[in-house]
Amino acid sequence: MSRVGQGIKVQYLIMKPGFIVFWGVILAIMAFQYLIFFYFTPQGTGVTPGVKSVVGGHLLAVVIFMGVATGIQCWEAFPYYLNLGGTRREFWLGCTVFNFLLSLVMAAILVGLSLIERAVFVFFGLEHSFMFRAETIDALIVLSTLVVNFVVIAAVAAGVFLLVSVLYRFSWKLLLVLGAAFLSGIMLFPAFNDWLFKVVEYVMLAVFDEINQETVMGGLAVFSAVCYLLAYPLLRGSQVKN
Amino acid sequence: MTYAVETRNLSKLFGKTKALSEVSIALQENKIYGLLGRNGAGKSTLLKLLTGQLFPTTGDIKLFGETPYENAGALSKVCIVRETGTFLKDMKARDALKVTSSYYPNWDQGLADRLVKAFKLDLKKNYKSLSLGMKSQLGIIVGLASRAPLTIFDEPYIGLDAPGRQLFYDLLLEEYGEKPRTFILSTHLIDEVANLFEEVIILEQGSVKLIEETDKIKERAFFVSGPQGEVERRVRGKQVIYRDTLGKTAVAGVYDQLTPEERSVLETAGLEVSPMPLQKLFIYLTDERGEGDV
Amino acid sequence: MKPFLDESKPIYVQIAEWIEDDILKGNLAEGEQVYSTNQFAKMFQINPATAAKGINLLVEEGILFKKRGIGMFVAEGAKKMIIDKRKQRFVQETIAELFQEARKLGISKEELLILIKEHEGGESR
Chain Y
1 MSRVGQGIKV QYLIMKPGFI VFWGVILAIM AFQYLIFFYF TPQGTGVTPG VKSVVGGHLL
61 AVVIFMGVAT GIQCWEAFPY YLNLGGTRRE FWLGCTVFNF LLSLVMAAIL VGLSLIERAV
121 FVFFGLEHSF MFRAETIDAL IVLSTLVVNF VVIAAVAAGV FLLVSVLYRF SWKLLLVLGA
181 AFLSGIMLFP AFNDWLFKVV EYVMLAVFDE INQETVMGGL AVFSAVCYLL AYPLLRGSQV
241 KN
Chain B
1001 MTYAVETRNL SKLFGKTKAL SEVSIALQEN KIYGLLGRNG AGKSTLLKLL TGQLFPTTGD
1061 IKLFGETPYE NAGALSKVCI VRETGTFLKD MKARDALKVT SSYYPNWDQG LADRLVKAFK
1121 LDLKKNYKSL SLGMKSQLGI IVGLASRAPL TIFDEPYIGL DAPGRQLFYD LLLEEYGEKP
1181 RTFILSTHLI DEVANLFEEV IILEQGSVKL IEETDKIKER AFFVSGPQGE VERRVRGKQV
1241 IYRDTLGKTA VAGVYDQLTP EERSVLETAG LEVSPMPLQK LFIYLTDERG EGDV
Chain L
2001 MKPFLDESKP IYVQIAEWIE DDILKGNLAE GEQVYSTNQF AKMFQINPAT AAKGINLLVE
2061 EGILFKKRGI GMFVAEGAKK MIIDKRKQRF VQETIAELFQ EARKLGISKE ELLILIKEHE
2121 GGESR
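Residue numbers (this note's numbering), protein chains in the order written: chain Y, 1 to 242; chain B, 1001 to 1294; chain L, 2001 to 2125.
These are computed hints drawn from the structure, not numbers from a lab. Incorrect hints may have been included.
[Said to hold, decoys possible] Pairs of lysine to aspartate or glutamate, EDC-like flavour, derived with a Cα cap of 20 Å: (1) B:K1092 <-> Y:E76; (2) L:K2067 <-> B:E1029; (3) L:K2080 <-> L:E2032; (4) L:K2009 <-> B:E1174; (5) L:K2053 <-> B:E1174; (6) L:K2009 <-> B:E1029; (7) L:K2053 <-> B:E1272; (8) L:K2053 <-> B:E1219; (9) L:K2066 <-> L:E2110.
[Stated by the list, open to error] Chain Y residues, not near chain B, derived (Cβ > 10 Å throughout): (10) L13; (11) Q33; (12) Y34; (13) L101; (14) A119; (15) F121; (16) V200.
[What the hints assert, rightly or not] Stretch-level coverage of chain B by chain L, calculated; a stretch enters the list once three of its residues show a Cβ under 8 Å from a Cβ in chain L: (17) 1002–1016; (18) 1161–1175; (19) 1196–1206; (20) 1211–1223.
We put the beta carbon where it would ideally sit given N, CA and C, even for glycine.
Produce the entire structure from the sequences given, and follow the hints as far as they go.
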C-alpha cells in the first residue's frame, strides 16, 4: 500500500471508535424518539404534533460531530504521523482524501436512514419527513440530497482542518487574535454581521429547501477547496508542539 | 563517507529559549550510540530535529546523506520510539503495530510476533489501558522489528523493571548482532547500559559536551586519590573534573590522557589510580556547580 | 551489567583475560574455535565492538588467529604464551604490589619471605 494509503488507514483507525460511538448514540436516540413517536401519540392518529421527521434533524448532529472529530483527529494525528516518519505532504493528502471519504459515508448513512424512515412513514400513511418532501422520490432526488448533505459535511470538515493547520502553524495566540477580530467584526460592523447571517441563512435554506441550492453548494465546494489549498502551505511549515 | 546522522551547527530556539546550540555531530553507520544528558539538556529536541518533526533554527541535518525534511525516502530509514507520541492512546495495540509496521520497509513481522509472545503482550487492549511496562514493551517491539537502518530509543524503557530492562538489552544485542544497524539510545540509566554503547554523546544545556568512544572515555576517566598535597601536585596540568577531600586524603576526578608511564609514576608516588564509571563522569561533566569543563 | 565484569579494568581487557583463563583451564583447546563477538556481546551484555577489541588484543599477541570467513581459533602454543605472559606480569605487578603493601604495613623483606614460606607451607599441608 502506498504511504498515503497508509495515512488514510491511520486516520480510519483513529476515527473508528468515535464513529461507532457516534452512530450508536444517534441510533439509540432515534429508537427512543420512534418509541415516543408511535407509543405516546394522541390516540389513533399516530402523530405527535410538530414531529414529521426524526432523521432530518440529525444533520446538525453529524455536522457537529464532523467538526469536533475532524479537529481532534487532525490535531492528534499530525505529531503521530510525523513521528512515524510520514511527511507533511502525505499527511495533508491523507487528511484531504479521508475527510472527503468520511463526509461521503456520513452523508450516505444520513440519506439511507432518511429513506428507511420515509418508507416507514409511508407504510403507516403518515405525514412525513422534510428531507424528502416530494410525493414521489426518484434516484435524482436521492442523489441531490446526498450531494447537499455531503457538501455541507465536507465543508465543515474542511473548515476545521484549516483551523487546525492554522493552530499548528501559528499557535493559539494567533487563533485568539483571529477570534477577537471576528467577534469585534460582528459587533462593530453591522454590515459584516448581516452578511454572515445571510451566508448561514443561505446555507440553511439550501440544505432544507431548494432556494439557490446550486449556487450555495458551489460556494461551499469552493470554500472547502480553498481551505485545503490554504492548509497545505501551513502544514508544510508546521512542526510538532514541544 | 556517508554518516547515518550528520549535523552541522544545528541550533534550535523555542521563542527566546535556546534548546540546542551549534551541535555538530557525525554518527557512523552500524554503531550503538548512547545519548546522555540531564532533563532539558536537549536530547529530545535533537532527536525530533533529526526525524524532521521540528525545524532547525539554523544549521542543517543529513540522514544517510539526505535532508530529512519532507523526504519520505530518508524518513523511512528511521524509526524513533519515544516515551510518548509513538502511539495513540485510543488505538488497539494490534492496530498500533499494524500501522507502524507499514511505515518501515524492512519491518520483520516474524520478529514482532516472537517478541509479542516473549513479552506476553495482550494485543486486544487499547494502548492507554496497557500497563506502563507493557507500553514500553510495545515500543521496544516496534523499534527492534522495524529493522530501520537508524533506530532511536528515546527513554523507552521507563516503565520496565530491572529484569524487563535486562531482557531489552539482550534483545537489542541479539538484534544488533544479527542485523547490524545504527542505534541511538537516550537514557538516564547510564551504569546499566554503558557497556552497550560503542560511542557516547553527552549533551549539556543544548551543547555537545562530549562525543567519544566509550572505551576511550573509560581510559581517560579516572580517580586519583592519596595525600592532599601529593594529589594536587600530580594532577596539575590535567583536566580535573571533580575534587573532594576527606581529612588529609584527597580525591581528584580526572578526564584526560594518562600514559602508562604517567600512571606508574602516580602509583609509585603512593597514589591510587582507579577507573571512573561512566555514570560518575556524566554527573561531574554535567554538574551545574562547574568544575567539569572539557 | 552481567556479573563477571567489573569496573577495575577496561572491558575488552577483561574479555581477553576471560578467553585466556578458558584456555588455561583447558575449556578451549589449541586449534579450537573461539566464541564469536556476538556470543560474547550477549553473554557479557557488551557492545560487540568491545568484544572484538578484546579478541583482537589476543590476535595481536598471537594467542588467537583468524581464519578468514570462519572465525577465530586458538593458536598452537597459546597456553604457553599465556603462562609466560602472566608469569611476567605476576613478577612485575603482583609481586611489586605485595612489596608495596608490605612497606605500608612495615613488614621487612625478610619477614615477608618468611610469611610467604609459611603460607606455602600452609597450603601444601
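When I compare C-beta atoms, does the region 1161–1175 of chain B have three or more residues closer than 8 Å to chain L? holds (count 5)
F121 (chain Y) clear of chain B by more than 10 Å, beta carbon to beta carbon? Correct as stated: the minimum Cβ-Cβ distance to chain B is 38 Å, above 10 Å.
Straight-line alpha-carbon gap K2080 (chain L) to E2032 (chain L), limit 20 Å: 16 Å, holds
Hinted pair K2066 (chain L) and E2110 (chain L), Cα distance within 20 Å: 48 Å, violated
Taking the closest pair, is the beta carbon of L13 (chain Y) still more than 10 Å from chain B? 5 Å, violated
Do at least three Cβ atoms from the region 1211–1223 of chain B come closer than 8 Å to Cβ atoms of chain L? Three-residue rule met by the region 1211–1223 of chain B, so holds; n is 4.
Quick one, are K1092 (chain B) and E76 (chain Y) close enough, alpha carbons at most 20 Å? 16 Å, holds
For the pair supplied as a hint, K2009 (chain L) and E1029 (chain B), is the alpha-carbon distance within the 20 Å limit? 28 Å, violated
The output says V200 (chain Y) does not contact chain B. Does that hold with a beta carbon cutoff of 10 Å? Correct as stated: the minimum Cβ-Cβ distance to chain B is 33 Å, above 10 Å.
Does E1219 (chain B) sit within 20 Å of K2053 (chain L), going by the straight-line distance between their CA atoms? 14 Å, holds
Between K2053 (chain L) and E1272 (chain B), does the CA-CA distance stay at or below 20 Å? 27 Å, violated
K2067 (chain L) paired with E1029 (chain B) [C-alpha distance capped at 20 Å]: 26 Å, violated
Going through the hint list in order, the structure does not satisfy hints 2, 4, 6, 7, 9, 10, 17.
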